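There are 2 protein chains.
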Amino acid sequence: MPKYQFMIDIQYKSNVRDPRGETIKRVLNEEYQIPVTLLRLGKSIRIEVEAENEDEALKMVHSACERILVNTVTETYEVRRI
Amino acid sequence: MPKYQFMIDIQYKSNVRDPRGETIKRVLNEEYQIPVTLLRLGKSIRIEVEAENEDEALKMVHSACERILVNTVTETYEVRRI
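Going down the list, the protein sequences come from chains R and H. For the first sequence, the numbering used here assigns the number 1 to the initial residue and increments by one for each residue that follows. For the second sequence, the numbering used here assigns the number 1 to the initial residue and increments by one for each residue that follows.
By construction, these hints were calculated from the structure, which means they are not laboratory data. In this text the structure is predicted, and so the values were computed from the model without any measurement. A hint or two may mislead.
Same chains, same names: a pair is fine if it fits in one copy or spans any two.
List of simulated lysine-lysine pairs, DSSO-like, C-alpha gap at most 27 angstroms [said to hold, decoys possible]:
id, residue 1, residue 2
1, K3, K13
2, K59, K3
3, K3, K43
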């Protein structure tokens, strides 16, 4: 059966605070003089699934996201084929 | 000064083990019957910088990656404009 690879980007929703991201932003601003105006830490997951076709593969990936990979209360996600 | 946003994908190099990713893959296979053949956990960072032009902005982002965001011994990264 063919295999399909995807990249999943998971970001916290914009109303969720990100203290680690804020700290890194401050260090880049103050210690490295890099004018970063926004920095948000997220997760990325490279995933490969076996499926009959790309549509089927994409459904599996969304199912994995909704079931265990993403906390949809606090996070949003995007899937792209690679 | 204009602002430019980028997404940074950070993945462990393929010779670095990823036990958390392996566990998630196994759970998806065995408990959810999703035929995942590969799963690697990485990080993604949304970043915005102020710069005179896009070239300058991209240089700042690479500088931030090399200096503190990425451990280039164990990780690789990709930057894309969003």
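Hints, verified against the model:
1. K3 - K13: For K3 and K13, the Cα distance is within 27 angstroms only across copies (21 angstroms; inside one copy 31 angstroms).
2. K59 - K3: Cα proximity of K59 and K3: one copy only (13 angstroms, versus 36 angstroms across).
3. K3 - K43: Classified as both; 23 angstroms inside a copy, 23 angstroms across copies.
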